[in-house]
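Take a look at the letters that make up each chain.
There are 4 protein chains.
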Amino acid sequence: MQNVQQPQKRKLSDEIIAEDEDYQRDPEHPRNLIPEICRLLYSQEAMTGSGGAISMRRNDKIYVAPSGVQKERLQPEDMFVINDDGDTLKLPLNGKICRMSQCTPLFLTIYRLRGSECVIHSHSKRAVLATIISSGNEFRISDLQMIKGIYKRTENRNYRFGEEVVIPIIENTPTDPELQENLVKAMENYPDTCCVLIRRHGLYIWGTTWQQAKLMYECYEYLFDIAIQLKQLGMN
Amino acid sequence: MQNVQQPQKRKLSDEIIAEDEDYQRDPEHPRNLIPEICRLLYSQEAMTGSGGAISMRRNDKIYVAPSGVQKERLQPEDMFVINDDGDTLKLPLNGKICRMSQCTPLFLTIYRLRGSECVIHSHSKRAVLATIISSGNEFRISDLQMIKGIYKRTENRNYRFGEEVVIPIIENTPTDPELQENLVKAMENYPDTCCVLIRRHGLYIWGTTWQQAKLMYECYEYLFDIAIQLKQLGMN
Amino acid sequence: MQNVQQPQKRKLSDEIIAEDEDYQRDPEHPRNLIPEICRLLYSQEAMTGSGGAISMRRNDKIYVAPSGVQKERLQPEDMFVINDDGDTLKLPLNGKICRMSQCTPLFLTIYRLRGSECVIHSHSKRAVLATIISSGNEFRISDLQMIKGIYKRTENRNYRFGEEVVIPIIENTPTDPELQENLVKAMENYPDTCCVLIRRHGLYIWGTTWQQAKLMYECYEYLFDIAIQLKQLGMN
Amino acid sequence: MQNVQQPQKRKLSDEIIAEDEDYQRDPEHPRNLIPEICRLLYSQEAMTGSGGAISMRRNDKIYVAPSGVQKERLQPEDMFVINDDGDTLKLPLNGKICRMSQCTPLFLTIYRLRGSECVIHSHSKRAVLATIISSGNEFRISDLQMIKGIYKRTENRNYRFGEEVVIPIIENTPTDPELQENLVKAMENYPDTCCVLIRRHGLYIWGTTWQQAKLMYECYEYLFDIAIQLKQLGMN
Numbered sequence: 007m008q009n010v011q012q013p014q015k016r017k018l019s020d021e022i023i024a025e026d027e028d029y030q031r032d033p034e035h036p037r038n039l040i041p042e043i044c045r046l047l048y049s050q051e052a053m054t055g056s057g058g059a060i061s062m063r064r065n066d067k068i069y070v071a072p073s074g075v076q077k078e079r080l081q082p083e084d085m086f087v088i089n090d091d092g093d094t095l096k097l098p099l100n101g102k103i104c105r106m107s108q109c110t111p112l113f114l115t116i117y118r119l120r121g122s123e124c125v126i127h128s129h130s131k132r133a134v135l136a137t138i139i140s141s142g143n144e145f146r147i148s149d150l151q152m153i154k155g156i157y158k159r160t161e162n163r164n165y166r167f168g169e170e171v172v173i174p175i176i177e178n179t180p181t182d183p184e185l186q187e188n189l190v191k192a193m194e195n196y197p198d199t200c201c202v203l204i205r206r207h208g209l210y211i212w213g214t215t216w217q218q219a220k221l222m223y224e225c226y227e228y229l230f231d232i233a234i235q236l237k238q239l240g241m242n
Numbered sequence: 007m008q009n010v011q012q013p014q015k016r017k018l019s020d021e022i023i024a025e026d027e028d029y030q031r032d033p034e035h036p037r038n039l040i041p042e043i044c045r046l047l048y049s050q051e052a053m054t055g056s057g058g059a060i061s062m063r064r065n066d067k068i069y070v071a072p073s074g075v076q077k078e079r080l081q082p083e084d085m086f087v088i089n090d091d092g093d094t095l096k097l098p099l100n101g102k103i104c105r106m107s108q109c110t111p112l113f114l115t116i117y118r119l120r121g122s123e124c125v126i127h128s129h130s131k132r133a134v135l136a137t138i139i140s141s142g143n144e145f146r147i148s149d150l151q152m153i154k155g156i157y158k159r160t161e162n163r164n165y166r167f168g169e170e171v172v173i174p175i176i177e178n179t180p181t182d183p184e185l186q187e188n189l190v191k192a193m194e195n196y197p198d199t200c201c202v203l204i205r206r207h208g209l210y211i212w213g214t215t216w217q218q219a220k221l222m223y224e225c226y227e228y229l230f231d232i233a234i235q236l237k238q239l240g241m242n
Numbered sequence: 007m008q009n010v011q012q013p014q015k016r017k018l019s020d021e022i023i024a025e026d027e028d029y030q031r032d033p034e035h036p037r038n039l040i041p042e043i044c045r046l047l048y049s050q051e052a053m054t055g056s057g058g059a060i061s062m063r064r065n066d067k068i069y070v071a072p073s074g075v076q077k078e079r080l081q082p083e084d085m086f087v088i089n090d091d092g093d094t095l096k097l098p099l100n101g102k103i104c105r106m107s108q109c110t111p112l113f114l115t116i117y118r119l120r121g122s123e124c125v126i127h128s129h130s131k132r133a134v135l136a137t138i139i140s141s142g143n144e145f146r147i148s149d150l151q152m153i154k155g156i157y158k159r160t161e162n163r164n165y166r167f168g169e170e171v172v173i174p175i176i177e178n179t180p181t182d183p184e185l186q187e188n189l190v191k192a193m194e195n196y197p198d199t200c201c202v203l204i205r206r207h208g209l210y211i212w213g214t215t216w217q218q219a220k221l222m223y224e225c226y227e228y229l230f231d232i233a234i235q236l237k238q239l240g241m242n
Numbered sequence: 007m008q009n010v011q012q013p014q015k016r017k018l019s020d021e022i023i024a025e026d027e028d029y030q031r032d033p034e035h036p037r038n039l040i041p042e043i044c045r046l047l048y049s050q051e052a053m054t055g056s057g058g059a060i061s062m063r064r065n066d067k068i069y070v071a072p073s074g075v076q077k078e079r080l081q082p083e084d085m086f087v088i089n090d091d092g093d094t095l096k097l098p099l100n101g102k103i104c105r106m107s108q109c110t111p112l113f114l115t116i117y118r119l120r121g122s123e124c125v126i127h128s129h130s131k132r133a134v135l136a137t138i139i140s141s142g143n144e145f146r147i148s149d150l151q152m153i154k155g156i157y158k159r160t161e162n163r164n165y166r167f168g169e170e171v172v173i174p175i176i177e178n179t180p181t182d183p184e185l186q187e188n189l190v191k192a193m194e195n196y197p198d199t200c201c202v203l204i205r206r207h208g209l210y211i212w213g214t215t216w217q218q219a220k221l222m223y224e225c226y227e228y229l230f231d232i233a234i235q236l237k238q239l240g241m242n
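Protein chains in written order, with my numbering: chain A, 7 to 242; chain B, 7 to 242; chain C, 7 to 242; chain D, 7 to 242.
What the hints contain is simulated information worked out from the structure, not anything from laboratory work.
It cannot be assumed that every hint is accurate.
The list treats identical chains as one, so a pair stands whether inside a single copy or across any two.
[As the list claims (entries may be wrong)] Pairs of lysine-lysine, BS3-like flavour, derived with a Cα cap of 30 Å:
| # | residue 1 | residue 2 |
| --- | --- | --- |
| 1 | Lys-96 | Lys-154 |
| 2 | Lys-96 | Lys-237 |
| 3 | Lys-102 | Lys-154 |
| 4 | Lys-154 | Lys-191 |
| 5 | Lys-191 | Lys-158 |
| 6 | Lys-158 | Lys-102 |
| 7 | Lys-237 | Lys-102 |
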């Protein structure tokens with residue numbers, strides 16, 4: 007990770023300062039949307055205990071939430087701004103001492119492999135339970151209208167009612183580099199998926215736009231919840 | 007569907023502009039109520055992932071929410087205004103590019119068959135689970151005080167405690183025209199019902215007023231929830 | 007029920023008008039508290055579908071919510087004011103056409119028998135499930151710290167951890183006069199209780215103050231929820 | 007407990023008045039944070055029925071919520087201020103008649119043994135159920151990413167994914183002095199833990215900062231919830 011004191015970086019940083027001031031006028035600026043969606047997910051008990059994070063891209067800049075903080079209290083000024091190589095372009099504006107989300111390398115990997123504009127990582131209990139009730143390395147579901155909200159990438163369209171959504175489950179690992187390797191493999195082996203589940207950990211979901219990422223997050227959560235409740239009812 | 011550029015339509019559209027401006031003074035105008043109730047249902051996890059929609063009628067105009075959008079972010083200006091034939095009288099006021107809810111033909115069918123003023127379509131998980139725990143083509147429930155909140159149409163009164171509420175379940179179909187056909191049949195075969203369930207999809211509920219539709223929506227959801235929990239408890 | 011046009015009543019009504027204007031300065035006036043607590047219970051899914059109602063007494067006046075309306079939308083002006091005999095002292099201030107809560111005779115009975123200042127009636131799903139998992143005519147629970155929040159009337163103190171809370175369950179009836187008879191019997195047979203459950207219907211809870219009624223409502227709901235979850239887990 | 011009328015105490019009290027006025031400018035003052043977090047826990051049904059309390063320390067002063075009140079209605083002025091010996095430095099500023107939380111001796115014990123700055127006591131249903139599904143005197147959980155949010159005290163670091171979190175469960179007792187004795191023993195026997203569960207009662211959680219206490223509270227709740235749901239699903 008390079009230092010922002012390099013001349014070239016400082017120039018870029020100056021441009022960004024101007025652009026970043028827009029967030030006070032633009033409610034859909036990543037600096038505003040990330041805290042807003044974090045609060046929403048917190049209220050759904052999917053971003054408590056500092057677990058999870060959201061990242062968004064706007065042009066050449068990638069916004070990342072800080073690590074280890076109360077996600078429902080994030081402010082627009084708390085974001086890190088980095089580039090595709092992970093270089094820090096801008097630290098939190100408020101001078102708070104904090105680290106960038108530890109998921110940052112995985113966010114960058116997803117941006118690189120899929121050209122997304124938004125990645126959501128959560129420790130959602132439904133996602134975790136979905137990985138535990140699925141004995142193999144896949145969560146499979148079909149015959150629910152809600153799968154029509156999921157994007158089928160290789161065919162550039164959403165799933166149809168009669169089709170099956172297959173989500174890869176990767177094993178959790180003690181360290182992030184290993185996890186990243188597993189994530190890449192899963193994304194390569196499942197070119198259709200917009201979601202990777204991590205066993206007993208959570209999920210990563212991405213979308214071409216932040217709206218698509220958020221809507222699909224809600225659809226996936228819905229599908230996990232139905233699967234869990236059907237299991238509790240002893241049905242399919 | 008006809009084009010709004012026709013002279014006759016433009017005249018009607020002018021009248022509507024005047025009437026529509028009322029929504030800024032009238033909190034119970036459909037332009038205000040639809041977003042408000044969508045937000046409420048979203049907060050109950052019954053309108054996430056862009057699934058579901060609400061339509062209301064006021065005199066000759068029918069208001070319909072757009073399709074594929076985040077329902078908790080709807081604004082009064084986002085509504086489509088159509089007539090009983092489905093002709094577009096007014097596009098969203100904000101110039102946003104979006105489609106009318108895909109449920110529109112089903113909304114129109116319900117308005118035509120039942121003379122309602124409000125139709126709620128949701129992908130409620132409770133409704134979906136209710137269709138899965140019901141093996142046949144009906145969801146039946148009785149012996150709960152809450153059924154007194156449900157309207158029994160052929161007798162023009164609400165259900166009594168000792169009576170049974172029967173809700174038809176139609177099979178989900180890949181395309182909407184087929185679904186509409188099934189919906190019409192169910193409404194004809196069950197003249198008492200104010201609700202049709204769609205297997206593994208959700209429900210349609212309608213009422214003479216928006217208040218009745220919303221109150222009955224809550225009663226039906228309550229009944230589904232009790233039925234699901236009793237099933238989990240191994241009881242009836 | 008007598009008419010407010012009688013001279014004596016009009017005098018009382020005049021006094022009340024003066025007193026009632028206080029509600030705009032007093033956030034704990036029944037006209038403010040009833041809508042506030044109704045909204046709270048609605049948000050907990052315990053007052054949806056127009057089911058349930060709250061009544062409070064202040065000196066000689068009893069405030070009662072209207073019937074059949076959306077409880078989360080109640081306004082201070084929507085209340086009926088009656089006396090101990092059920093005579094209407096004041097209709098809703100806004101001229102809305104509506105009926106007084108159908109539970110009013112039961113509210114009056116509880117005020118008469120127990121000298122309470124607040125009665126809460128809800129169709130809470132937890133209360134309904136508690137009556138279904140209890141085969142006999144009592145819901146019994148013990149060995150939970152939360153029972154220390156329940157008032158034991160004959161001993162003028164709250165329950166202790168080692169004691170058992172016993173709540174009578176009365177059968178639901180098609181009409182209210184019968185229900186009232188059952189309620190009176192249960193209150194006589196269970197002089198300690200501040201709650202009566204109605205099978206497959208809901209509950210009535212009362213308290214010496216509105217704070218006590220609300221706090222006990224929350225404690226009872228907590229106890230029902232634990233009992234239901236333990237049953238789901240196959241434990242006690 | 008000594009009286010605030012002693013000269014020495016009055017001097018301290020004067021200093022505190024000055025310092026306490028800061029709370030109107032400082033949103034993270036204990037007088038503001040305690041009500042805010044109580045409201046949050048109430049909304050999660052973990053602080054209803056007046057059960058539970060929060061205490062925070064700032065320098066030499068310890069802030070404690072009052073007992074037996076509606077925790078979601080607490081105001082900054084409602085707090086008691088005491089010192090490490092439990093002497094009252096300041097009564098609620100609003101002159102309301104109320105008692106200090108009955109948990110105060112346990113709060114003081116935890117401050118003394120662990121040097122924390124915040125203690126949360128709740129009657130959380132998940133905590134209570136966790137103590138019931140655990141037959142022995144420990145709640146054990148592992149193999150969940152969320153345990154990385156829990157602090158392992160003797161090693162001055164957070165738990166790792168492969169490790170097991172062990173939380174002692176003490177039996178509930180009719181009176182507080184006995185409970186305190188059990189709490190001290192559990193804290194001595196489990197030097198790593200930041201949480202003690204009380205059978206059929208609830209939990210105490212503490213942290214070096216209020217942020218750590220709150221974040222760990224959320225992590226523990228998450229772990230309890232997963233354990234309960236896995237038990238319902240018949241899985242581990």
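Hint-by-hint comparison with the structure:
Taking the shortest Cα distances, Lys-96 and Lys-154 sit within 30 Å of each other only across copies (28 Å), while inside one copy they are farther apart (39 Å). In this assembly of identical chains, Lys-96 and Lys-237 lie within 30 Å of each other by CA distance neither inside one copy nor across copies; the values are 47 Å within and 46 Å between. For a Cα distance limit of 30 Å, the shortest separation of Lys-102 from Lys-154 across copies, 23 Å, qualifies, whereas the shortest one inside one copy, 42 Å, does not. Within a single copy, Lys-154 and Lys-191 get their C-alpha atoms as close as 26 Å, and across copies as close as 25 Å, so both meet the 30 Å cut-off.
Taking the shortest Cα distances, Lys-191 and Lys-158 sit within 30 Å of each other inside one copy (18 Å), while across copies they are farther apart (33 Å). In the homo-oligomer, the alpha carbons of Lys-158 and Lys-102 lie at most 30 Å apart only across protomers (25 Å), although the nearest pairing inside one protomer, at 41 Å, exceeds that limit. Taking identical chains as interchangeable, the C-alpha atoms of Lys-237 and Lys-102 are never at most 30 Å apart, the minima being 45 Å within one chain and 42 Å between chains.
Violated hints, in rising order: 2 and 7; the structure is consistent with all others.
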